[in-house]
Amino acid sequence: TRMRLVPPEAWPEVAARGRAVRRVWADFARTGTVAADADARACGMRFERG
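Adding 6 to a residue's 1-based position in the sequence shown gives its number in the working numbering.
Take these hints with a grain of salt, some might be off.
[To be verified] DEER-style ranges, computed between Cβ atoms:
hint: 1; residue 1: 14; residue 2: 38; range: 32 to 42 Å
hint: 2; residue 1: 20; residue 2: 40; range: 19 to 29 Å
hint: 3; residue 1: 20; residue 2: 41; range: 14 to 24 Å
Calculated directly from the structure, the hints in this document are not laboratory data.
Computed from a predicted structure; not experimentally measured.
The beta-carbon is built from N, C-alpha and C at its ideal position, and this holds for glycine as well.
Work out the full structure, taking the sequences as your base and the hints as a guide.
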């Protein structure tokens, strides 16, 4: 059995989001904060500040 969760043409987008997530987490690990920048928006994450 084969399952296709992501169509083949969508893999570049999946890879780009993965790189963005890694940059956001690396920045958080380094600084302790999450900047509201293009990487956070690109990976589809939403951060509550408060």
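Results for each hint:
Checking the proposed 32 to 42 Å range against residue 14 and residue 38 shows it holds: the Cβ atoms sit about 39 Å from each other. At roughly 21 Å, the beta-carbon separation of residue 20 and residue 40 lies within the given 19 to 29 Å, and the hint holds. Between residue 20 and residue 41 the beta carbons are some 23 Å apart, a value that agrees with the proposed interval 14 to 24 Å.
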